[in-house]
Structures are given as structure tokens and as C-alpha cells.
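A.B. asks: What follows is each chain in one-letter form.
2 protein chains.
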Amino acid sequence: MNKLANIRIVLCQTSHPGNIGSAARAMKTMGLSRLYLVRPKEFPHPNSYAMASGATDVLESIVVCDTLEQALTGCGFVIGLSARKRELSHVPVTPRDAAEEVLEIAAEQEVALVFGNETNGLSNEELIRCQRLAHIPANPEYSSLNLAAAVQVMAYELRMKNEETPQPKAGREKYATHDETEGFYQHLEQTLVDIGYLDVAQPKRLMSRLRRLFARTRLHEEEINILRGILKSVQKNNSRTNR
Amino acid sequence: MNKLANIRIVLCQTSHPGNIGSAARAMKTMGLSRLYLVRPKEFPHPNSYAMASGATDVLESIVVCDTLEQALTGCGFVIGLSARKRELSHVPVTPRDAAEEVLEIAAEQEVALVFGNETNGLSNEELIRCQRLAHIPANPEYSSLNLAAAVQVMAYELRMKNEETPQPKAGREKYATHDETEGFYQHLEQTLVDIGYLDVAQPKRLMSRLRRLFARTRLHEEEINILRGILKSVQKNNSRTNR
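Going down the list, the sequences are from chains A and B.
All residue numbers for the first sequence refer to UniProt numbering, where the first residue is 1 and numbers rise by one.
All residue numbers for the second sequence refer to UniProt numbering, where the first residue is 1 and numbers rise by one.
In case anyone wonders, no lab produced these hints; they're calculated from the structure.
Among the hints, erroneous ones may be present.
[Claimed, not checked] Simulated crosslink set (DSSO-like; lysine-lysine; CA at most 27 Å straight-line): (1) 161/A x 174/A; (2) 41/B x 232/A; (3) 204/B x 236/B; (4) 204/B x 204/A; (5) 232/A x 174/B; (6) 204/B x 174/A; (7) 204/A x 232/B; (8) 236/A x 232/B.
[Stated by the list, open to error] Residues of chain B clear of chain A, computed beta-carbon distances all greater than 10 Å: (9) 5; (10) 96; (11) 105; (12) 121; (13) 125; (14) 129; (15) 221.
All C-beta atoms in this analysis are idealised placements derived from N, C-alpha and C, irrespective of residue type, glycine included.
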């Protein structure tokens, strides 16, 4: 099976349509074909086609979405690309380590690589939906990779890794999809509010801390079921209290 | 010493001045700064500056040469980049292996990476001056990497290799100690019993599943505090229920 076909590239709020075309070209040279756009500033646009060179087929099968949420539907793993080092966030992995993890999961499930806007990168809102953060090592004095160049580096690492001898891992448990994991986070948040641990007026960073914790662990489907079972049980007890 | 300062990128007979700018940007993001041009079609040109973004310093120190020979003067090692597989030539190495060799030599001598014209690649005349040939793996049905994208991939591999010398990670959060983690597991188990989710008579594999989940994530000290705070809150609510 072709693992690369299970990988989607998601570009968020891209400003320059030319970059969409260059990204499509970069993807196709490495054998990727599934491009998703979240609220692009301008698309379709002739510059996209000009920069795509022979990769118009990639442009023509683009999926344009209103929200990142939509673009991630069905994905078992979501990895965000960030140029900045963030104080409070996941510890970023290298593109190489990211590629290894992505291909392992892409053997069975869909995976998304998420790229932010050219000027601002990924917003915290977008970042919070990623289970892993990858950082392309760069010159600290000038780390502004062009968007398509960043796509090229990641796509290259995926191809390099994909060309290595395949090692099927048997009997791996299925990872929860993005929507299942989001469902769990919402259930968790509601439960914390119910028991009075989370103050909606002053939520601080509690949920993002908890998201980070569970993102590192990459929850399995079965584990989500257990955790939600626990939450249900806590909520049931709690509603008895407040009856 | 900075090995990257001993590496020059040589672009032969580049057709599009925009690509020269993009290549300069790609170089600078990875810490390379020495760009040589052999008979560029048009340079200087405003498109080069437009595409270079903040890498104008690289453009301004460009060396323009009449012959490849000139551009290679003083180099202890010359490696050519080729998209095509050639019947009669060196067996190409991967960008990764090339980077390793380049840096080894760049520790003491100057090294050149040579890129051909956008349409035709390296001519045999140019190729014959290279001691090694590198090939970026690509989709056999569409292998036409943009020139700057090829420079980006090579520069990225050079930076990755150059950074491999171990760097201590500063400011990492402290992982919880074994006893702190065990304390959390006991607290979790007791809470699950309290709320009636875990039946001590028939515990099954619940705790071992949960242990596995948290073991994968390697909990931080601070996270243990948050999780135990939640457990305390659940227990408090629960004792009110059963009062």
C-alpha cells in the first residue's frame, strides 16, 4: 500500500496564491498529492497555476475548508509545523523524527501535516489541534523559510523515510482519530467544570496543559473509551451530589 | 569553527533571476552565505531581490563567474546535484550522505555544491568537474524540483548534519520521579474505586491500561500536580454524595 496517499498537507490561511502552487509542486515531486486549504486569502488564482508547473493535478483536487477542524476530519495523527520556538508548548521534533512517526501511522490511518500562515505561522488556536509539533532547524538569525520550502523539506523527509526498507509493525492498536480525541477533550473540560475544578471565568491554561499531556501520549481508540467511561462515572456521581 | 562558512553554492547558467533570490533565501535560512553564479542569464535583477526576502546580504556578496572553473577555484571537494539518473556517470549519493561528506571536508577545506540550469540540469561539461554526484530522491513520474527547492533540501541536510553534535537541552521541564508517579497511580486507583468505576473484586486490566497510557507520555512534575488536583476535587464531590 502507498502510505504517502494517506498523508494530507493542510495550509492555513495562506496569503500568497503563488505559494499554494509552489507547495503543490513540492508535494508532487515527492509523491504527495492531497492538499487542503483552510480559508486561503485567494484561491483559485492564476499565480497558483503558474507556480505549480506540472503539478496542476494536485491543485485541481484541492479541498478548501472553512475551518481547520474540517480539514482534519478522520485523521489519526496531526502534526503542526512551526518556525518559532514557543515557550509553552510541546517540545518540537525534527522533520526526520516527524517523518518516521507520520509514516508509521500512515500505514493504517490518515495523517495531516499543518502549516500556518506565511507571516504569523500557526496560531495558538491551530496549534492546540496538533498532537505533535515539528520544527525545521534553521539559522537563529534568519529562520524565515518560504512556505513551499518548508513543505518541500517535510515532503522530502517523508519520501526518504518511505524509501527505506518497510518494517510492518504487527498488531498495533488503532490510534484515536482527531474527532474522537477532540470529543474526549470536550468531555474532559465539561466534567472539570461540573465538579468545580475548572472555573470557566478563569480557565487559565489548564486545558492546554492537559491537551499537551495527552498529545504526547497519542491516545488509542480503546483508551479514549476508558477515559470517557471514567468521565461519565464522575459526572453521574456529581449530578447526584447536586440533585 | 563554522564549517558552513566553507561551503559555497554554485548555480550554473540560471535562467530565472527569481530563482537566484529564492536560492539565497533558502541558503540563509540554513546558515549558508556564499553564492556563486556561472553565466546567469540575468543578474542583477529586481526579481532576485524580490524573492530573496531578508537575504539581500547573500545576494550582495554574490560572486559572478564566466566559467565553472573559476567558481570552483580553491575547493577541495566538488559535488554536483542532478535530478536525472545518468547512464554513464558516477553512482549518485543521497543528499544525506552528501552532507556528511561535505561537512567532513568543510572542516578543513572549501567545498562547492554545483546546481545546473533549470531546464537542462548539469551539462556533461559541468558534471565532469564534480567529484561526486548527489541525487535528491523524487517521484519518478514528476521529478522536477524547483531549483531553489533543491538548494533548500541540500542546505537543510547540511544544517541537520552540522547540528548533530550533541547540544544540552536547556530549560526542559522536570519529569516526575518514580515515586511521584506511583503516588499518582495509587491516588487514581483509589478515586476510581471511590466513584464506583473500578470494582476491587474484579479489577481486570484497567489500572495496567491506564499505567501504560501515562507511561508513554512521561509525566512532568507539574502535570502530576494538576492531575492529583483533579482527583482530589472528584473525591471531595464524591464524599459529599455519599454523606
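A.B. asks: Can we trust that residue 5/B is non-interface, i.e. its beta-carbon lies farther than 10 Å from all of chain A?
C.D. replies: Residue 5/B clear of chain A: closest Cβ-Cβ about 12 Å, beyond 10 Å.
A.B. asks: Would you check the hint for residue 232/A and residue 174/B, treating anything up to 27 Å between C-alpha atoms as holding?
C.D. replies: Answer violated: residue 232/A to residue 174/B is near 32 Å, above 27 Å.
A.B. asks: Does residue 232/B sit within 27 Å of residue 204/A, going by the straight-line distance between their CA atoms?
C.D. replies: With Cα atoms ~19 Å apart, residue 204/A and residue 232/B stay inside 27 Å; holds.
A.B. asks: Quick one, are residue 204/B and residue 236/B close enough, alpha carbons at most 27 Å?
C.D. replies: 26 Å, holds
A.B. asks: Does the claim that residue 125/B lies outside the interface with chain A hold up, using a Cβ gap greater than 10 Å?
C.D. replies: Given a closest Cβ separation of 26 Å, the condition holds.
A.B. asks: Given the hinted pair residue 236/A and residue 232/B, is their alpha-carbon gap at most 27 Å?
C.D. replies: 17 Å, holds
A.B. asks: Checking a non-interface call: every C-beta of chain A should be farther than 10 Å from the C-beta of residue 129/B. Is that right?
C.D. replies: 26 Å, holds
A.B. asks: Against chain A, does residue 121/B keep a CB gap of more than 10 Å to every residue?
C.D. replies: At about 14 Å from chain A, residue 121/B clears the 10 Å cut-off, so the statement holds.
A.B. asks: So is residue 105/B really clear of chain A, every C-beta pair being over 10 Å apart?
C.D. replies: Non-interface label on residue 105/B holds, nearest chain A Cβ at 21 Å vs cutoff 10 Å.
A.B. asks: Mind checking the alpha carbons of residue 161/A and residue 174/A for me, to see if they're no more than 27 Å apart?
C.D. replies: Satisfied, since the Cα-Cα distance of roughly 22 Å is no more than 27 Å.
A.B. asks: Beyond 10 Å from every Cβ of chain A: is that where the Cβ of residue 221/B lies?
C.D. replies: 12 Å, holds
A.B. asks: Take a quick look at whether residue 204/B and residue 174/A sit within 27 Å of each other, Cα to Cα.
C.D. replies: Holds, at roughly 21 Å.
Checked against the numbered hints above, the structure breaks hints 2, 4, 5 and 10 and satisfies the rest.
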